[in-house]
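Engineer: Build out the structure end to end from the sequences listed, making use of the hints.
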Amino acid sequence: MPVKTAYISVSTKGNRDVVDLTPRLRQAVHSHGIEAGIAVVFAPGSTAGITTIEYEPGLKQDIDTFLEKLIPYGGDYRHHETWHDDNGSSHLQAALIGPQCTVPIVDGDVALGTWQQVVLIDCDTRARKREILIQMIC
Amino acid sequence: MPVKTAYISVSTKGNRDVVDLTPRLRQAVHSHGIEAGIAVVFAPGSTAGITTIEYEPGLKQDIDTFLEKLIPYGGDYRHHETWHDDNGSSHLQAALIGPQCTVPIVDGDVALGTWQQVVLIDCDTRARKREILIQMIC
Amino acid sequence: MPVKTAYISVSTKGNRDVVDLTPRLRQAVHSHGIEAGIAVVFAPGSTAGITTIEYEPGLKQDIDTFLEKLIPYGGDYRHHETWHDDNGSSHLQAALIGPQCTVPIVDGDVALGTWQQVVLIDCDTRARKREILIQMIC
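Residue numbers (my numbering), protein chains in the order written: chain G, 1 to 138; chain D, 1001 to 1138; chain R, 2001 to 2138.
If you are wondering where the hints come from, they were derived from the structure by calculation, not from laboratory data.
The model shown is predicted, which means the values in this text are computed figures rather than measured ones.
Mixed in with the good hints there might be a few duds.
Computed footprint of chain D on chain G; a stretch qualifies when at least three of its residues, placed anywhere within it, have a C-beta under 8 Å from a C-beta of chain D [unchecked claim]:
id: 1; stretch: 6-17
id: 2; stretch: 72-80
id: 3; stretch: 131-138
Beta carbons are placed, not taken as given, at the ideal position from N, Cα and C, and that holds for glycine.
Structural biologist: What follows is the structure, given as structure tokens:
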């Protein structure tokens, strides 16, 4: 069967917290012994995004600052009228980043650049627990 | 054969009209009886994007407002000089959102969050008919 | 074996240089004789993005202008303090566009729209050589 599923449990601080998923993504690929294929890294939920960055503290802060400036928490969102909540900005930020990144697997490992990590950006307005889904096709 | 193709016909109003593709995506997965795999939801064309949101009227309007403010219709685009048309903003909005979203299929269903839907955002400046492609790998 | 890997070598000017990958993507699909499946186009590295646009000179310039205005080179980035380099804007631009695009393969060809090309946007602040990875699942 060429489809393998793994889950990565993540606790975040919300507010554009950036979490490096790469070590556990790598572990999932290795533990299934996949030589060649792809890994779809997917965030169920509509207030978190998946992309790649060079994971280092400065850039983590730059991403937070950029997204908050582009789509500020205190902006005027119709979403707040629907549910009387406060995370309209979170939804827009997450939709912009997108909920998934697909990474090739080559020679038994994810084919990322040397300074490239797969990250979750949790845009919600509070701390969250997330179950990130890794779907591997080989 | 582990590849299945389906098409979703959509009529949009353009101008960042947000259309929920999830019911028909789900139907495609179910009708092919796919238990485990992925579904690539792809928009052929360069003026529409695919992402996920919580599909509700307030957020639909927030997305429209945000994209129009970020990349306004009335801006100054070199694209207009190439074809003498008016949809430079549509192209930039669509390139930013991206034309595809890949969703895992687990236990016979798309593994979306409870409040997460796969949507088409049609950024063109007029009503359009679109054929969205669903490529399933199982 | 249903997984095929190809590489596309690209020389870019950096600074949001937009490079059309479609002819060589198409060639990879054809040379492997793939009838149905998907092609994951992935940029290893954290200062380049992959998306689709209508590849024409006006829009290439619009993308450059838009990204530079949204995330300017001369902005204040914490990333510069980490490595004492100058490409914080490149990292943010690339994270926003995302490092990959997955394209369906139908009837032996990539299922792009007529005016839709798969492009690399190299956001780094200098000319670069890139090895873009094409992972095909069929």
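Engineer: Against each hint, give a clear statement of whether it holds in the structure.
Structural biologist: Hints and how they fare:
For the stretch 6-17 of chain G, the stated coverage by chain D is not satisfied: 0 residues place a CB nearer than 8 Å to a CB of that chain, which falls below the threshold of 3. Under the rule that three or more residues need a Cβ within less than 8 Å of chain D, the assignment of the stretch 72-80 of chain G holds, with 4 such residues. Taking a C-beta to C-beta cut-off of 8 Å, the stretch 131-138 of chain G contributes 3 residues in contact with chain D, enough for the three needed, and the coverage statement holds.
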